[in-house]
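J.: Listed here are the chains, written in short residue letters.
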Amino acid sequence: MIRRETIASASRSSAVLAVIAVLLVGLFCVVVILELGYSGPRPIDVDRWIRVAEEAGATNVVSSIYLGARLFDTILEVLVFAVATLGVRFYLGTRGYKEVVQSIPESNVVRVGAAVLLPPVLLLGIYVVAYGHLSPGGGFAGGVIAASGLLLAAIALGTERINARLRPAVLHGFEWGVLLAILTLATLPAPLSMPLLSDPLPSGRMGSLVSGGSIPLYNAMIGVKVFLSSWVIAKHFVDHRGEI
Amino acid sequence: MELVLLPLIRFAIGALSMGVGRRSRFLAVLAHLCDAALLARIALLLARGTALDATLGGWADRVGIGFSGDLIGLPIAALIWGLAVAVSLHTWKDELRAYFYVLLHFLIGAAYAMVFTEDLFNAYVILELLTLASFLLVGYERKPRQIWASLRYLFLCSVGMSLFLLGIAVVYYHTGTLNLSALAAHVARAPAAPWIPLAAALLVGGVAVKAGIFLFSLWLPAAHARAMPAVSALLSGVVIKMGVVELFRLAGVFPLDLTFTVLGAATGLLGMLYALQTYDMKKLLAFSTLSQIGYLLIGFGAGSQASRLGALDYAVAHGLFKALLFLAVGQAVACVGSPDLRALTLNRRTIPRGTRIAIAVGILGIVGIPPFAGFAAKAVLESGVHSLFVHAMVALISVGTAASFSKLLPLLSVRSAARCRGATVSAYAWLGGGIALFLPLSATLVPRSILSASWHWPAYLEAGLALALGYGIHRILRGRSFRLPQRVFRVEEGTLAVVAGVLIVFSLLRFA
Amino acid sequence: MGAFHGVTIAIVLFGIGVLGLVIRKDLVIKLLALGLTNSATILCLVSLDSRTPGAAPILVPGVEAIVDPLPQAIVLSAIVINFAILALALVFVMLLVERYHTTDSARIERETNAEEETWS
Chain A
1 MIRRETIASA
11 SRSSAVLAVI
21 AVLLVGLFCV
31 VVILELGYSG
41 PRPIDVDRWI
51 RVAEEAGATN
61 VVSSIYLGAR
71 LFDTILEVLV
81 FAVATLGVRF
91 YLGTRGYKEV
101 VQSIPESNVV
111 RVGAAVLLPP
121 VLLLGIYVVA
131 YGHLSPGGGF
141 AGGVIAASGL
151 LLAAIALGTE
161 RINARLRPAV
171 LHGFEWGVLL
181 AILTLATLPA
191 PLSMPLLSDP
201 LPSGRMGSLV
211 SGGSIPLYNA
221 MIGVKVFLSS
231 WVIAKHFVDH
241 RGEI
Chain B
1 MELVLLPLIR
11 FAIGALSMGV
21 GRRSRFLAVL
31 AHLCDAALLA
41 RIALLLARGT
51 ALDATLGGWA
61 DRVGIGFSGD
71 LIGLPIAALI
81 WGLAVAVSLH
91 TWKDELRAYF
101 YVLLHFLIGA
111 AYAMVFTEDL
121 FNAYVILELL
131 TLASFLLVGY
141 ERKPRQIWAS
151 LRYLFLCSVG
161 MSLFLLGIAV
171 VYYHTGTLNL
181 SALAAHVARA
191 PAAPWIPLAA
201 ALLVGGVAVK
211 AGIFLFSLWL
221 PAAHARAMPA
231 VSALLSGVVI
241 KMGVVELFRL
251 AGVFPLDLTF
261 TVLGAATGLL
271 GMLYALQTYD
281 MKKLLAFSTL
291 SQIGYLLIGF
301 GAGSQASRLG
311 ALDYAVAHGL
321 FKALLFLAVG
331 QAVACVGSPD
341 LRALTLNRRT
351 IPRGTRIAIA
361 VGILGIVGIP
371 PFAGFAAKAV
381 LESGVHSLFV
391 HAMVALISVG
401 TAASFSKLLP
411 LLSVRSAARC
421 RGATVSAYAW
431 LGGGIALFLP
441 LSATLVPRSI
451 LSASWHWPAY
461 LEAGLALALG
471 YGIHRILRGR
481 SFRLPQRVFR
491 VEEGTLAVVA
501 GVLIVFSLLR
511 FA
Chain C
1 MGAFHGVTIA
11 IVLFGIGVLG
21 LVIRKDLVIK
31 LLALGLTNSA
41 TILCLVSLDS
51 RTPGAAPILV
61 PGVEAIVDPL
71 PQAIVLSAIV
81 INFAILALAL
91 VFVMLLVERY
101 HTTDSARIER
111 ETNAEEETWS
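Residue numbers (my numbering), protein chains in the order written: chain A, 1 to 244; chain B, 1 to 512; chain C, 1 to 120.
It should be emphasised that the hints constitute simulated quantities derived from the structure, not laboratory data.
Remember, predicted model here, so these are calculated numbers, not experimental data.
Note that CB positions come from ideal geometry on N, CA and C, so glycine has one too.
Certain hints may be false.
Claimed, not checked - Facing chain A, according to a computed beta carbon distance under 8 angstroms, are these residues of chain C, among others:
(1) 12
(2) 57
(3) 68
Claimed, not checked - Between beta-carbon pairs, the in silico distance windows are:
(4) A:18 - B:389: 31 to 41 angstroms
(5) B:33 - A:173: 19 to 29 angstroms
(6) C:106 - B:369: 36 to 46 angstroms
As the list claims (entries may be wrong) - Selected chain A positions facing chain C (in silico; Cβ < 7 angstroms):
(7) 18
(8) 38
(9) 44
(10) 49
(11) 62
(12) 77
(13) 80
(14) 81
(15) 84
(16) 233
Full structure from sequences and hints, please.
T.: The following block contains the structure:
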């Protein structure tokens with residue numbers, strides 16, 4: 001009798017909560033939409049951005065912003081990514097498995113197909129990273145593309161095979177080494193008597209592959225870091241599937 | 001340039017710690033020394049009057065991220081450094097893994113960056129880094145209680161930061177800039193513009209989730225109470241202050257005086273009421289943090305230079321004595337085995353003498369006994385406040401604080417029999433020294449005129465009365481206990497409270 | 001006018017995400033709702049600064065009307081941060097579900113508070 005009453009009162013209070021929630025959140029949405037003051041697209045100063053792009057030496061204006069003018073934000077963001085990897089590895093990586101989770105047995109077509117498709121996907125990732133300052137893409141996108149390719153290959157072929165090639169300790173060292181390299185490049189302008197986080201390398205001819213000063217370097221380093229981190233995160237999740 | 005070197009060096013040392021492994025605590029010492037040198041240099045430059053405002057990377061003003069070193073930044077940066085050293089000292093013998101130190105360095109580096117940044121989106125990314133690093137630190141010991149508390153912390157902070165990002169979207173759409181000084185110019189030019197209340201409400205509401213304001217930060221009691229003592233000290237001392245610093249900076253852009261006064265009064269009183277009814281000593285400290293943030297907001301909302309300086313001073317002072325209290329009470333709880341007041345009182349002989357002295361010093365600070373840190377900062381704050389209502393609020397919070405902390409008095413009154421573990425006296429000495437020396441240190445920052453105006457007999461009278469009244473209330477309440485609703489600290493109610501809070505701030509700005 | 005519809009949808013999705021976080025008890029649904037909230041914020045950012053005869057901000061010769069590139073840089077960072085938050089939140093949800101063998105947040109709340117009931 002008491003148990004039923006407790007359950008009844010619990011569902012009554014959660015009904016009250018639901019009603020209050022709908023009213024409150026609804027009011028919030030209405031207020032935001034009405035008060036936003038949207039009146040058409042903003043006039044933007046195209047010349048300012050063209051000048052920024054020319055100063056950075058990259059035709060992709062967004063690259064010249066997040067790897068040029070707002071480099072600090074990007075460094076912090078790479079750190080956020082590194083912290084995420086750290087957390088995933090700390091909680092999921094150090095526990096013993098109760099049983100080894102077998103990879104799902106796939107047909108030969110899937111296995112051979114994955115092995116054949118992996119190099120083109122990695123190549124696509126490298127292309128997106130390398131041309132990040134000339135067309136949409138950059139370090140983050142390219143790194144995730146390459147990591148997804150590796151992840152799909154891992155699901156099809158089994159993570160043990162991939163782990164045998166890419167040993168976790170080596171990956172760990174690479175990851176943190178690349179992070180240090182990024183921070184070093186950021187502070188490199190200081191001994192050269194330039195302001196920190198600016199671009200110490202000469203920008204070449206705009207529109208060519210070798211242009212943009214340090215932007216392609218940053219793209220490459222971020223690409224490697226994102227690739228390794230995403231792979232580590234995905235690998236830990238894949239290894240822990242089916243444990244509940 | 002030195003300003004951005006501070007966080008960058010911390011981040012680099014954090015990355016290095018991963019490779020160094022077991023010897024990370026020595027690398028941390030190197031980090032503290034580098035920071036001290038840089039901070040001293042920054043202080044010297046500021047004293048000489050050199051302007052430290054710059055856009056990072058040498059880019060143009062409207063394009064890059066602006067950093068500025070000013071009077072708000074430097075004392076808080078010193079507080080961050082002091083607490084980093086205290087945590088290092090406290091955990092010296094604990095054999096913590098390199099993972100802890102990496103997170104610590106990233107957190108401290110992000111805090112340094114937060115203190116100096118003038119850019120809204122930079123603030124967003126820094127706050128997210130702070131959230132993730134502190135979230136992982138709260139769950140460091142992997143106890144399920146901590147995991148659940150920090151998951152709730154992550155949920156609420158993420159919603160808050162989404163609100164902040166919405167505010168950034170609105171601001172950027174209407175003004176085309178993310179720089180706080182440029183924004184202040186825009187708002188000053190057209191103070192009645194229709195987008196300002198919404199943008200300000202979203203920005204303030206988003207940051208308030210991290211700043212420890214009662215309605216918004218309902219994750220705080222659980223997260224601060226259940227984390228390990230060093231992490232709680234960092235959370236209460238550093239992470240909360242980062243939200244408060246951003247609020248202070250937003251106050252320079254939007255007209256937030258009334259909002260701060262209302263929010264400050266609410267969090268001061270509600271935090272105090274919850275502190276009075278709890279028997280869990282770590283929760284007591286957490287609720288008291290909520291309440292003390294009320295001082296900061298009220299001080300800043302009062303608007304005068306003296307009250308703002310006082311609020312800043314109090315932020316630093318609170319960081320010091322709250323960290324000391326968390327470390328000391330945390331060790332007492334570890335010795336006794338339970339944070340319950342009744343268990344602590346029964347077993348008070350096992351608490352080492354150093355810990356009890358540290359608790360006593362912390363209480364002296366927080367309760368506002370002259371000439372220690374709490375009293376000094378509060379005096380400066382009150383000298384700038386002219387409204388009777390605000391004075392009454394401050395007095396009420398002081399009374400409540402005294403009443404809550406009187407609960408700890410029985411712990412101090414006995415000679416200890418067994419020694420539990422006395423290895424962390426150095427951390428207590430470091431922080432206690434900071435509290436004792438607070439007055440001469442703050443004299444360098446506060447102008448002489450304000451300082452001498454604040455040390456009037458009303459300040460002493462008020463402090464004494466508050467203490468007496470507080471102790472009296474404690475004696476009256478000792479027999480009876482009352483309970484306030486604990487349901488509000490769940491994720492569901494917490495999120496709704498944030499939404500409600502944003503609507504309240506919006507109404508204050510729009511209709512008042 | 002299309003952009004305003006985009007903004008309205010974004011705010012409504014934000015509201016739905018917050019509602020999902022509050023009303024549903026299942027931890028995984030809460031996680032999904034959080035992801036929805038974050039994505040809705042990004043949608044709002046993108047919609048606010050979109051324009052109809054617009055081109056990507058790549059300086060190809062002959063392109064005049066480029067879109068504002070700064071919000072795109074902001075969105076890039078925001079997406080990465082949202083990914084990191086979801087990954088870590090998922091890890092903690094996994095830990096909790098393994099320990100308590102349930103995804104019901106109310107039960108986890110009760111069991112976590114059980115030992116603290118005597119103190120608070």
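J.: List, from low to high, the hint numbers that the structure doesn't satisfy.
T.: none
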